[in-house]
Amino acid sequence: MEPIRIVESRTVVLPEPNIDTDQICPARFLKVTDKKGLAAALFADWRFDSSGAPKAGFILNKPEAAGAQVLVAGDNFGCGSSREHAPWALIQGGFRAVISTTIADIFTGNSLKNGFLPIVVEPAVHQKFLAAPGAMVKIDLEAQTITVPGGSPVQFKIDAFSRYCLLNGVDELGFLLSQGDAIAAFERAR
Amino acid sequence: MDDPGMSQPKHARTLFEKVWDAHLVAPETAETPAVLYIDLHLVHEVTSPQAFSALRERGLKVRRPDRTVATMDHSIPTLPPVNGKWPFVDAQAEAQVKQLETNGRDFGVEINALGGPDQGVVHVFGPELGLTQPGTTVVCGDSHTATHGAFGALAFGIGTSEVSHVLATQCLLQRRPKTLSIRVDGKLPPGVTAKDLILAIIAKIGVGGGTGSVIEFRGAAIQALSMEQRMTVCNMAIEAGARAGMIAPDDTTFQYLAGRPRAPKGKDWDRAVEAWRKLSTDPGATFDREVVIDAPKLEPMITFGTTPGQAIPISGFIPDPAKDASQKAALERALQYMGLTPGKPIAGHPVDVVFIGSCTNGRIEDLRAAAGVFKGRKVKASRVLVVPGSRKVKEAAEAEGLDRIFLDAGAEWREPGCSMCIAMNGDKLERGQTCVSTSNRNFEGRQGAGGRTFLASPETAAAAAVTGKITDPRRVGEGQ
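Top line first, the protein sequences correspond to chains B and G.
Be aware that the first sequence starts at 0, since it is given in numbering that gives the first Met the number 0, and climbs by one per residue.
Be aware that the second sequence starts at 0, since it is given in numbering that gives the first Met the number 0, and climbs by one per residue.
Please note that a few of the clues may not be correct.
[Claimed, not checked] Within a straight-line C-alpha distance of at most 30 angstroms, the following computed DSSO-like cross-link-like pairs (lysine-lysine) qualify:
#, chain 1, residue 1, chain 2, residue 2
1, G, Lys60, B, Lys35
2, B, Lys61, G, Lys277
3, B, Lys156, B, Lys34
4, B, Lys34, G, Lys97
5, G, Lys296, G, Lys468
6, G, Lys391, G, Lys343
7, B, Lys127, B, Lys156
8, B, Lys35, G, Lys391
9, G, Lys266, G, Lys277
10, G, Lys391, G, Lys379
11, G, Lys327, B, Lys35
12, B, Lys156, G, Lys391
13, B, Lys61, B, Lys35
14, B, Lys127, G, Lys84
15, B, Lys127, G, Lys343
16, B, Lys137, B, Lys61
17, G, Lys327, B, Lys34
18, G, Lys296, G, Lys177
19, G, Lys343, G, Lys322
20, G, Lys327, B, Lys54
21, G, Lys186, G, Lys379
22, B, Lys156, G, Lys379
23, B, Lys156, B, Lys137
24, G, Lys391, G, Lys374
25, B, Lys34, B, Lys61
26, G, Lys377, G, Lys468
27, B, Lys156, B, Lys54
28, G, Lys186, B, Lys127
29, G, Lys391, B, Lys34
30, G, Lys277, G, Lys186
31, G, Lys203, G, Lys264
32, G, Lys266, G, Lys296
33, G, Lys97, G, Lys266
34, G, Lys177, G, Lys343
35, B, Lys34, B, Lys137
36, B, Lys35, B, Lys137
37, G, Lys327, G, Lys343
38, G, Lys468, G, Lys322
Note that these hints are calculated values from the structure, not bench results.
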């Protein structure tokens with residue numbers, strides 16, 4: 000995995016609360032046996048009509064969304080299914096981070112393992128992002144700060160171990176494998 | 000048998016804390032999460048292929064094939080084989096199922112294959128075989144793994160990266176979640192089911208209300224539930240955002256498990272039950288948060304919107320977005336998607352399709368409950384699909400003649416699988432169709448792009464099937 004330190008981009012705002020992983024990556028795209036081709040799945044039923052044509056009114060189909068790497072979403076983003084295809088689709092669709100007031104547990108874990116940043120902010124800060132679609136934002140993972148449209152930068156929380164892995168481009172499996180002796184001892188002791 | 004553990008407790012502990020403590024290979028620190036040992040890893044075809052590929056890329060083996068059990072459920076057809084060939088929805092679905100068979104062979108993992116005697120929806124077949132046991136840790140690349148918490152196991156869904164972690168090391172890196180007690184006092188009224196109870200709980204605490212927490216469902220109404228009903232309740236803990244749902248094991252649990260093929264036998268059984276009896280939350284143990292529900296006040300519930308928390312009593316009215324400023328935009332969007340008018344009673348809304356099945360309500364008791372409503376009646380919905388949760392459930396239902404009741408009523412009786420709960424296998428709604436479903440998610444498009452899902456109990460789904468509209472199951476037969 001590539002190390003991550005800074006994500007700097009314009010935002011795209013999807014204000015709906017409770018955006019579930021079925022919206023992020025509908026189930027019919029889960030029949031893959033690899034991780035490829037999921038950019039087409041990203042928000043597929045919001046982006047395309049039944050004939051496959053882009054829906055003109057949807058933000059991700061508008062010119063101002065092109066190149067945006069940071070999604071600002073309503074409360075409780077990523078709820079529902081545990082499918083890791085959701086962060087895979089977001090990454091393949093060009094996104095590097097999501098900002099919300101709450102982000103579902105399994106989605107958070109899956110995102111951190113793929114270099115996609117789940118950034119939880121206070122409701123007042125969230126309101127500023129919702130009110131400023133397309134604003135430039137800078138997320139500094141090392142400093143754990145995020146710039147706020149029309150305000151001062153704020154700190155965000157992220158699990159220390161996940162942050163270490165992301166900053167250094169290492170994955171968690173390597174750490175777990177290094178625990179082999181402790182795991183064997185645990186198995187012997189029970 | 001795993002010792003649930005219990006080294007000398009220094010303080011009163013909850014059920015969750017006892018199971019958590021007993022599985023710590025290494026405790027968490029500020030820098031690193033806990034290393035948590037996993038007793039049982041259930042695997043299915045959709046979330047595992049990339050995990051097995053990760054093992055191949057790094058030259059790793061499955062550390063404990065004896066603790067790893069696979070089945071296939073999501074991508075499989077629920078129509079029987081034609082000339083010996085299963086009618087997969089497309090070549091990609093078939094290739095995914097074949098890949099699981101290949102991975103099972105290559106890595107020495109038990110596969111309960113399509114058509115096999117124990118195959119079924121992963122959260123139905125595990126408990127049925129006795130694989131799910133009190134005091135254990137259970138994971139699966141599937142958010143409804145919470146189901147297994149009905150046995151007093153700590154059971155939760157994981158992503159595909161974590162599937163590879165468990166395959167390779169039998170462990171996961173975890174931060175300790177918070178604890179949430181949901182105590183359900185009193186008795187459920189007649190005609191009010193476990194499904195109604197969990198829908199009422201989610202409506203109360205919200206779809207994000209359990210985020211970061213493990214729920215323990217407790218109280219008289221929970222203790223009175225059968226194991227199948229407890230599984231229905233724990234299954235939907237994730238729909239409140241919870242990491243897991245748990246229920247303390249008791250005689251109901253032990254009676255269900257006794258004699259199951261993978262449950263302990265003889266002296267091992269006696270020792271296991273003795274240990275399992277110590278798992279209940281100690282008197283005086285505290286939770287991070289407590290919620291109390293009054294069971295006698297509950298009614299049959301049904302969802303009206305596009306999250307499982309948007310549920311109302313079946314005698315209720317479609318909420319008016321104008322009266323709820325905080326939820327206005329979300330409610331408006333949900334009602335527009337669902338084609339509903341604010342202020343109208345939900346009962347009487349026309350229904351096109353009924354789906355009875357899934358890891359929430361695809362077990363034998365669910366099918367019996369539905370059959371009780373179907374018996375002697377004909378379906379009025381245009382399509383009714385009854386899908387058993389496993390091969391064993393199918394056989395049991397057929398031995399009792401339930402299949403005849405469904406078929407005589409005009410319903411379809413299918414092979415076991417996830418089917419229209421997730422609509423990956425070709426069993427799906429058409430755009431605009433309304434469906435009363437016993438499954439767990441009413442998200443936009445969940446049962447097929449443009450489909451409209453109303454979640455409810457098997458009784459309420461069956462009542463919709465035989466009346467062609469949303470109907471209080473306690474009033475089927477009145478005024479028709």
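Open item on the list: Going through the numbered hints above, which ones does this structure break? Give me the numbers in ascending order.
Closed with: 2, 6, 8, 11, 12, 14, 15, 17, 21, 22, 27, 28, 29, 31, 32, 33, 34
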